[in-house]
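Protein chains: 4
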Amino acid sequence: MTGATPRTAGRHFLQIPGPSNVPDAVLRAMARPTIDHRGPEFAAMTRRILDRLRTVLRTSRPVLLFPSSGTGAWEAALVNTLSPGDRVLAFETGQFAALWRDVAARLGLEVVWIEGDWRHGIDPATVEATLAGDARRTIKAVLAVHNETSTGITSRVAAIRRAIDAAGHPALLMVDTISSLGSLDYHHEAWGVDVTIGCSQKGLMLPPGLGLNAVSDRALAASRSARLPRSYWDWTPVLEANERGFFPYTPPTNLLYGLDAALDLLLDEGLERVFARHRRLAEATRRAVAGWTLELCPLDPEEYSHSLTAVWMPDGHDADALRRVILDRFDLSLGTGLGKVKGRVFRIGHLGDLNDLMLAGTLCGVEMGLALAGVPHAAGGVGAALDYLRSSTGVPAR
Amino acid sequence: MTGATPRTAGRHFLQIPGPSNVPDAVLRAMARPTIDHRGPEFAAMTRRILDRLRTVLRTSRPVLLFPSSGTGAWEAALVNTLSPGDRVLAFETGQFAALWRDVAARLGLEVVWIEGDWRHGIDPATVEATLAGDARRTIKAVLAVHNETSTGITSRVAAIRRAIDAAGHPALLMVDTISSLGSLDYHHEAWGVDVTIGCSQKGLMLPPGLGLNAVSDRALAASRSARLPRSYWDWTPVLEANERGFFPYTPPTNLLYGLDAALDLLLDEGLERVFARHRRLAEATRRAVAGWTLELCPLDPEEYSHSLTAVWMPDGHDADALRRVILDRFDLSLGTGLGKVKGRVFRIGHLGDLNDLMLAGTLCGVEMGLALAGVPHAAGGVGAALDYLRSSTGVPAR
Amino acid sequence: MTGATPRTAGRHFLQIPGPSNVPDAVLRAMARPTIDHRGPEFAAMTRRILDRLRTVLRTSRPVLLFPSSGTGAWEAALVNTLSPGDRVLAFETGQFAALWRDVAARLGLEVVWIEGDWRHGIDPATVEATLAGDARRTIKAVLAVHNETSTGITSRVAAIRRAIDAAGHPALLMVDTISSLGSLDYHHEAWGVDVTIGCSQKGLMLPPGLGLNAVSDRALAASRSARLPRSYWDWTPVLEANERGFFPYTPPTNLLYGLDAALDLLLDEGLERVFARHRRLAEATRRAVAGWTLELCPLDPEEYSHSLTAVWMPDGHDADALRRVILDRFDLSLGTGLGKVKGRVFRIGHLGDLNDLMLAGTLCGVEMGLALAGVPHAAGGVGAALDYLRSSTGVPAR
Amino acid sequence: MTGATPRTAGRHFLQIPGPSNVPDAVLRAMARPTIDHRGPEFAAMTRRILDRLRTVLRTSRPVLLFPSSGTGAWEAALVNTLSPGDRVLAFETGQFAALWRDVAARLGLEVVWIEGDWRHGIDPATVEATLAGDARRTIKAVLAVHNETSTGITSRVAAIRRAIDAAGHPALLMVDTISSLGSLDYHHEAWGVDVTIGCSQKGLMLPPGLGLNAVSDRALAASRSARLPRSYWDWTPVLEANERGFFPYTPPTNLLYGLDAALDLLLDEGLERVFARHRRLAEATRRAVAGWTLELCPLDPEEYSHSLTAVWMPDGHDADALRRVILDRFDLSLGTGLGKVKGRVFRIGHLGDLNDLMLAGTLCGVEMGLALAGVPHAAGGVGAALDYLRSSTGVPAR
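Line order of the protein sequences matches chains A, B, C and D.
Start counting the first sequence at 1; every next residue gets the next number (the numbering used here).
Start counting the second sequence at 1001; every next residue gets the next number (the numbering used here).
Start counting the third sequence at 2001; every next residue gets the next number (the numbering used here).
Start counting the fourth sequence at 3001; every next residue gets the next number (the numbering used here).
Please keep in mind that the hints were generated in silico from the structure rather than gathered at the bench.
Everything numeric in this text was worked out from a predicted model, so none of it was measured.
Among these hints, one or two may not hold up.
[What the hints assert, rightly or not] So, partial list: chain D residues that the calculated Cβ filter (under 7 Å) puts toward chain B:
1) Asp3024
2) Arg3028
3) Ala3031
4) Pro3033
[To be verified] Pulled from the structure, derived: some chain D residues nowhere near chain C, Cβ distances all over 12 Å:
5) Arg3137
6) Arg3156
7) Asp3268
8) Gly3316
The beta-carbon is built from N, C-alpha and C at its ideal position, and this holds for glycine as well.
Only chain A is shown next, with the shape it has when bound in the complex (with noise of 0.2 Å):
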């Protein structure tokens, strides 16, 4: 007998920030007989997962989704909106957003890249800045990333788009919500943002396999002049067949059987309580890793993500090898660092279908792997997450 805990025992916890804990109602909607996505059931599906996403998303112009990951939903604003030889404005925030830089660049856009030390958020100064310097308003787009999955750093969105006024630049607004849609408060209509990307498999505590666009009217307005060429992506069929229930093309009816029963929880929870506990809930992580003496990625409190937080390992040791030991040993498979701080940071999910509990086993997974993997720390980071827990029940300060 080795002294690893049997995988087959109990479950699986999937705490990375990738497909985040779907609920077993969302996984049992999913095994539903699929139905004729050209019938009258299906059409009323679709009327009201679209209607609810729009609460979701606090808009009321039209949300489209595909099936897709969330990069084709990054791929879909972009043909959409802009030209071949367009320049878009792009901040290096972490690895999310160096990824969706390379999609433009293969779509044929020029990238005005700013770089960033994956510790910090867009500066929305150097937004107004870079935006006031062009003067002969070349830049097309501003694409942001919203909450950037490998580092748990946050922009902010608002001021973003009060940076794009003050310079008084024509550039659309898009932003990634990708690990912050449904679990982080998110205005797409107030704060003006002109393409919204999102996907399922997130705070929507979905499988993977539905990619996401909000528009504004400018963002629609602008798809009619755009000649990157499209066509899985065009939003144009999209929107009218989806007038009728419909999709251009065949569905994936049975992730949206997901969608809909998605949504009946995440809104009979209700948008705000849902957001306090994830702000909660990483209150609580952020104290475990205060607890433990270890350092956070993102150097800016008002930065940090509620959805997922992001832990800067000590000099010399790797956060894969702690990766390692806590998934042999308690079967929790916490989040790889990606692209620049790849052994630099693990990462801790807390977002979709979580709460106290399930935050808590985790913590310890974590703590003890500390301990095994030989990482410098103190004990107390679970004890420092229990207080917070135990004595916080609503809205914390932020």
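Once you've looked at the hints, dock chains B, C and D against the given chain A.
Just chains B, C and D now, with coordinates in the frame of chain A:
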């Protein structure tokens, strides 16, 4: 009490050729908790799936999956191999051929479009003549729909390849197998296909949400110089990640669970038996149509589809009125006529997870519906089908 | 390749009158995680279920559930109301009547057994005459099977109650509704039944595992002096615990989830519509039998069951040989002949979650099987059934 | 916004010792369509299940299943082996021993009841002395609860058998393993047990609904002369039908699907590893209790249960008030104190499908709850448990 059979009782008979009947084992597999798509369990599943897809496609070369509809897989085939302004040869065999043409045109390709009557497949002689006439070899690809879902017509892919070769033309051969893959015999490699396009929701017996490309070495070579912009659909990062069992962006894990389970079913039954079963069910369906003294949409028996049957309505009778009666009274969803044959045909799907009595129940619904809708017909369709099903057990003549 | 239709393809047609077709919504409900059976969520579910079972049984008095088969619910009825050596009156209507008699005998009761030919229901005149002749009132209970699952014969419960009353006899009336509850009209209270026995796996559209008793005040009064030993089946602690929404021992929570979902389906469709649907499907089945020139097991049209049909085989032909052919070739499980009619009858279930085309498919399987097994018959059964299903939509004459 | 963690978010932590955490693979198995319980596929499943249950029970003799709760399996053990007025010896180890006694009494047996303090298991010396004093051998059976679910106390069954043998007494030994089977090491045959009573919903990791008896040859011999009335519980027809893979009445097919899947999990992990896992989780729980400076219900370390832990509350503090706080704030259902220890103990289940972090999350919930409910304690429980879980990997000392 109204006259209609209550919709809440009994199984909905979904016989549209679209999303075919999904086995309950596949649906239940999709309800498994989502695992880490960067972990070892996931990698093993990816390899197991891709290996077995190669068996289904009868190829030793790569098969790639996309989180997409089949439409996306069309686009993937084109953008990976072609450059702006390239000419492609395509054939009006029906609605899906026309839609694929539209995708090509929207992406900036020039389509040489061979008109058709929607009642015949692709004529290999036309392929040869057209290509032979293309002295400057400006045509870069031939787009062929193997099994036209809108008409129930199967084109002869091997003969098309022979025609291309007879013309000594270097064009790539791209084949849409969306409604044939896993239902009809198909040989990606032996038939010299360069890109095969498929999807999850028909013969593979899954819900929609996965697109598929199988590629030849020539197609891979073409992808190295092709200049249509591509990012989401780019084969290269997919092939690289697949080597290690992963994907370049978040894959639709729960649909892959379903595919894994569906491949178990297909290969446990045995491909030859699966194909024979569909030939037999198709022949029974055609016997029923003959018994009703109705006409098939396809006019050439060599081109009858074994995965679905499109029935031509007598003049003056609307297929959709018939379909509506049948749906209301018997909870049976037949496929609508699409595009040019709207109202002129209805379609009976007999692909995927189907057996004798499910088909028999379907044919009973059609026979009763014909009478209720006042469509001129003889009542002998069900009887003829039962005679055939009773007396035949194995592989029919063709 | 052998001739048989592969068993792995398509839905198994389970038409035995036993565990009827369970709706997928019920199956998925049963996959919910098991909750605390002493918590408030459970209590609410218990109350919701018991309230609605009273609606189905048309009674204002208690309904009790047991983790058991229907056999257990027979035993529960007897041990709660009777004492060692008590006499009960029972009628040989078929196999299940005989099995219930055996239960009574094994528990130490004396059974007055009225022999029968398995082709008629209980004769109310015999009930009256027998009870009238019991001058000393030694008979304590009349055991009646409402719908004999082995013969497809429905006895007239209201008439039996009138016969008991006409004899002025105080015996309790106990009625087995195992294959009628939820499929056939039934009135526990209006018909003066003292104990109704039911179970989960037929008209209630659940898998097996739950037994049911509905009780009258007279039955409850009898339970206070009854002296057969009882513990597991004792009504008293069940009734007490049910008051608070609980059970005296661990209840089968996941079957209760299924029952909760099945009651949704039954009451959403509406009991009257459910019963009418079954009458109509039964009539179609009988038209098929007549079309085949075969005989029904029941000889009196007043006693035809609307939940299942037993077909009498021509002399010299074995029902089980026919059933085997049909199972092997068409994956259709028909009910076997039981007890005295072993080999003489086969049974077609048409209860539970069934609609026109599921029945039509079943009848097609039988018609083909009759030919394959060399059973003398006319081929017109399916046609006759379709004629009826097509032309009738509502409630048949009776 | 109220202070409570929303109940709709995250997994309910069901830690009551009752229906333990059921693996999702078992839940999904239960959602398979119900098959014919008289067909060959069913027979193969029955044999596969019974063979493997013999492995779990470590017996070569028959194991029988009933559609029932565990309470029914108690009754089955008694009515098959005993006659009216027979004397049985039973021991007040806790609530379930008392309930079993009540069953025996209600069935007309005379119970020799050895009182206890609910903090010790059965004393083998008392067994020997009592039986030795039964000169006329009027005691026919010894009823022993292996693992008292109400107190977390495990009695030493092998020692009890030795005590019976030392007294030279022919009484049958009947053992309730309801909360030990599949979680704690148990040897039906080697320990000389005559009837083992078990059920589905604890260590077998199923929802409730199946009762179990394992029998010795002596028990079978006793059943031939036993005279308590029996029908539903009668072993004889079950054993006869099981020979052919069937049951004498309709079995709970979907629960058997679940059992089939659960046995896969148990035997894939390996019984020795399963037992070691539970010993380790139990020790961690006891370390937590010690860390809290609370007392265990069991007073003898030799009798600590490895499947659940009952914690003794400090005087003046109500266990149910604590449980309520923990349920409301953390969605964690702890077991209530039953019978004589109502309010004095709460119970932590650690049987079934459980791993380190699920237990850790549970202990975090208890630790926070103790503080919130104002129960005097030290905060070091979680820390002590984590120290143990981190440093131990295999089989603990005992």
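Taking the hints in turn, this is what the structure says about them:
1. Asp3024: holds (6 Å)
2. Arg3028: Holds. Min distance 5 Å.
3. Ala3031: holds (6 Å)
4. Pro3033: This interface hint holds because 6 Å falls under the 7 Å limit.
5. Arg3137: holds (24 Å)
6. Arg3156: D/Arg3156 is indeed farther than 12 Å from all Cβ atoms of chain C, at 26 Å.
7. Asp3268: holds (21 Å)
8. Gly3316: D/Gly3316 clear of chain C: closest Cβ-Cβ about 25 Å, beyond 12 Å.
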